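The listed protein sequences correspond, in order, to chains A and B.
For the first sequence, our numbering assigns the number 148 to the last residue and increments by one with no breaks.
For the second sequence, our numbering assigns the number 84 to the last residue and increments by one with no breaks.
These aren't lab readings, by the way, just hints derived from the structure by calculation.
None of these values were measured; they are calculated from a predicted model.
Where is the CB? At the ideal position from N, CA and C, for every residue including glycine.
Hints should not be assumed to be uniformly reliable.
To give a feel for the contact side, a few chain A residues facing chain B, derived at Cβ under 8 Å [said to hold, decoys possible]: (1) M55; (2) L115; (3) H126; (4) K128.
Derived Cβ-Cβ restraints for the label pairs, each shown as a range [stated by the list, open to error]: (5) G83/A - K73/B: 25 to 33 Å; (6) T40/A - D32/B: 37 to 45 Å; (7) K102/A - Q49/B: 41 to 49 Å; (8) N23/A - G17/B: 49 to 57 Å.
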Amino acid sequence: MSVSVQSEDFDLGAEVTALTDGNGNIGAVVTFVGLVRDKTGGALLSMELEHYPGMTEQALAEIEGAATKRWSLSASRIIHRYGNLKTGAQIMMVATASPHRKDAFEAAEFLMDYLKTDAPFWKKEHFKDGAKWVDSKAADDAAKDRWS
Amino acid sequence: MMQLDVLYFAWVRERIGVAKEQVSTDAHTVADLVNELSAREERYQVAFQDMAVVKVAVDQVLVSLDTPLGRAKEVAFFPPMTGG
Chain A
1 MSVSVQSEDF
11 DLGAEVTALT
21 DGNGNIGAVV
31 TFVGLVRDKT
41 GGALLSMELE
51 HYPGMTEQAL
61 AEIEGAATKR
71 WSLSASRIIH
81 RYGNLKTGAQ
91 IMMVATASPH
101 RKDAFEAAEF
111 LMDYLKTDAP
121 FWKKEHFKDG
131 AKWVDSKAAD
141 DAAKDRWS
Chain B
1 MMQLDVLYFA
11 WVRERIGVAK
21 EQVSTDAHTV
31 ADLVNELSAR
41 EERYQVAFQD
51 MAVVKVAVDQ
61 VLVSLDTPLG
71 RAKEVAFFPP
81 MTGG
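Next comes chain A alone, as it looks inside the complex (with noise of 0.2 Å):
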């Protein structure tokens, strides 16, 4: 179980293979990776990813052991980055790693929708005219919710 927010890419192989290393009893690994997408066609210049320092590592640790308590995991990882990120780079990833699969698809879901509404992380869009905050959407509440 394990967080990290960092500025810095990360290699999902390796981490993958970091999760499951040495632990035989692992049968299934999940993972979402989150990218920088461009919806306008090419007027995206990069993406900058905003987040509230020593909060944000707090409140992803508690998303990870509310995981860890309602699914039976082997190991997690979430990797959150922050700083300008170019159309396409990698922002985020999530891998649960369990016995079974089932555990680790909810487990993951699970992680991404309450990092969504409840890790202090904000995106702001730089387009070639101008740059934009992005706003949330009442459906990632609705997906959190679903949880509980």
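Fit chain B to the supplied structure of chain A, relying on the hints for placement.
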């Protein structure tokens, strides 16, 4: 009077113009602090005009507006999160 570190993030930070400041206040709750700051200067009033789109953390834990400040050291204001 208590001394608080007050932090602002994303567009709340941009509207207020600073990321962090020390505030001396007698506010009992988060809502009192919002009202007090809004009365001080227009930039706060602009940032806090619709508190439905501003979230608050006291000592790095998400709370509601009616939360007492108690012995809080740090209060943060920010828009709903958009990570992931």
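Structure-based check of all given hints:
Satisfaction of the interface hint for M55/A is found here, the shortest Cβ-Cβ separation to chain B being roughly 4 Å, below the 8 Å cut-off. At about 5 Å, the closest approach between the beta carbon of L115/A and any beta carbon in chain B falls short of 8 Å, and the interface hint on this residue holds. This hint is violated: H126/A has a C-beta 14 Å from the nearest C-beta of chain B, more than the 8 Å allowed. Violation of the interface hint for K128/A is found here, the shortest Cβ-Cβ separation to chain B being roughly 20 Å, above the 8 Å cut-off.
As the Cβ distance of G83/A to K73/B is approximately 27 Å, the hint placing it in 25 to 33 Å holds. For the pair T40/A and D32/B, the supplied restraint of 37 to 45 Å holds, since their beta-carbon distance comes to about 42 Å. Distance hint check: the CB atoms of K102/A and Q49/B are about 46 Å apart, consistent with the given range 41 to 49 Å. Here the CB-CB span from N23/A to G17/B is close to 50 Å, well matched to the stated 49 to 57 Å.
In terms of the numbered hints stated before, the structure departs from hints 3, 4, listed from lowest to highest.
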